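One-letter residues, chain by chain:
2 protein chains.
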Amino acid sequence: MSEFPKTERTTVTRLAKRASYDKATIYSILDEALYCTVAFVLNGEPVQIPTGFCRFNDKLYIHGSVGSFYMRELAGKKLPVCICVTCLDGLVLARSAFHHSMNYRSVVLFSKPEQVTDEHELYHALEVFTNKMQPGRWNDVRKPTPAEWKATMVLAFQIEEVSAKIRTGPPVDDEEDYALDVWAGVVPLTVERKTPVPDPKLKTGVSIPAYL
Amino acid sequence: MSEFPKTERTTVTRLAKRASYDKATIYSILDEALYCTVAFVLNGEPVQIPTGFCRFNDKLYIHGSVGSFYMRELAGKKLPVCICVTCLDGLVLARSAFHHSMNYRSVVLFSKPEQVTDEHELYHALEVFTNKMQPGRWNDVRKPTPAEWKATMVLAFQIEEVSAKIRTGPPVDDEEDYALDVWAGVVPLTVERKTPVPDPKLKTGVSIPAYL
Chain B
0 MSEFPKTERT TVTRLAKRAS YDKATIYSIL DEALYCTVAF VLNGEPVQIP
50 TGFCRFNDKL YIHGSVGSFY MRELAGKKLP VCICVTCLDG LVLARSAFHH
100 SMNYRSVVLF SKPEQVTDEH ELYHALEVFT NKMQPGRWND VRKPTPAEWK
150 ATMVLAFQIE EVSAKIRTGP PVDDEEDYAL DVWAGVVPLT VERKTPVPDP
200 KLKTGVSIPA YL
Chain Z
0 MSEFPKTERT TVTRLAKRAS YDKATIYSIL DEALYCTVAF VLNGEPVQIP
50 TGFCRFNDKL YIHGSVGSFY MRELAGKKLP VCICVTCLDG LVLARSAFHH
100 SMNYRSVVLF SKPEQVTDEH ELYHALEVFT NKMQPGRWND VRKPTPAEWK
150 ATMVLAFQIE EVSAKIRTGP PVDDEEDYAL DVWAGVVPLT VERKTPVPDP
200 KLKTGVSIPA YL
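In order, the protein sequence lines correspond to chains B and Z. First residue of the first sequence? That's 0 in numbering that gives the first Met the number 0, and the numbers climb one at a time after it. First residue of the second sequence? That's 0 in numbering that gives the first Met the number 0, and the numbers climb one at a time after it.
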């Protein structure tokens, strides 16, 4: 399957030409973005929390403390969630205020949590999560102890009812506005990883790893 | 008032030392971030959408087409929302996998939409929105026509039931792990505005404005 099936909830109605259901496209957005927001319903009202995440195969994974209220709510009640992931790519400056826009790639996923208990899946989820933050990192770090594993809850969300929405390219103005003496174009936005700052408590003699 | 009152929903229970209810802190996060996610409940299930926004005085503003399904739902039913805004500031690489973290500043707001009908407030909302995307931009652009105003819906959300959560600084490892030969520190993350890309249809002779 290279496309996710459309459902009523994932069929983009507004600016439908920006919609994508392509699996490779959706996975590339999920694999690039460093955090997501998880929305759920509590006492009939909406709640959301931002959190790190990773994706492998057809599941999205988040993790947290077994003492976290929302992790327990999600896991215990298998609450329906809506998860959103956004990469902001540019500010689209049109000649008219009305046609200002943003270039972006976003994913909206409807799913339900399943608590991960399989040891291999747990281990792989934390490995992928850590290496997503910083490629190469997992090999270097002190791995979780049995007590740390016990304190960590991992939730998996099946990726099935999902869509992406993408805008790219220059502004689109009304025909008559192209004659205006107003500069128009795109200011690209990127998330940049800057020079690493060593921990003030770094042990003497430990040098910065090649992957940084 | 320099602090927002805590409510049951905005009292941070997990890592409470990271919580802030300080008005200036919360407004600085809202004024920096370029988009938010708006979560609401539809047929008992959670939905969220990413969208641009701005803030002035004690309200957060979003805008969209009067034809947009979710704008109409929000405005028509005054649906309770949870709005989340996040600035990601760094990857926190600890010596142990368990203590890996992120530096971030996030805001979670519970509120309800009010459709803005006052002309001055409408105009100011779009002015602030446009200048937030690109400082100085509003002066340059062709202002909305009466038809464009009619096609645009602006929703305001009172900022009152709100909290921020902030992590800064180096990793915090278990005491015995500081002796490990593992590099630890922070990889700072920034959102950068790159060199503007002119619209291929840019009118000959229009030079790039000073604010870009």
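Possibly wrong hints are sitting among the right ones.
Note: identical chains are not told apart, hence a pair may lie in one copy or across any two.
[Claimed, not checked] The calculated DSS-like cross-link candidates involving lysine-lysine, where the alpha carbons are at most 30 Å apart (straight line), are: (1) K22 / K142; (2) K76 / K193; (3) K193 / K149; (4) K111 / K76; (5) K77 / K193; (6) K164 / K193; (7) K149 / K16; (8) K16 / K77.
Rather than coming from a laboratory, the hints here were simulated on the basis of the structure. Nothing here was measured: the structure is a model prediction, and the numbers come from that model.
Enumerated hints in conflict with the structure, sorted upward: 1, 2, 3, 5
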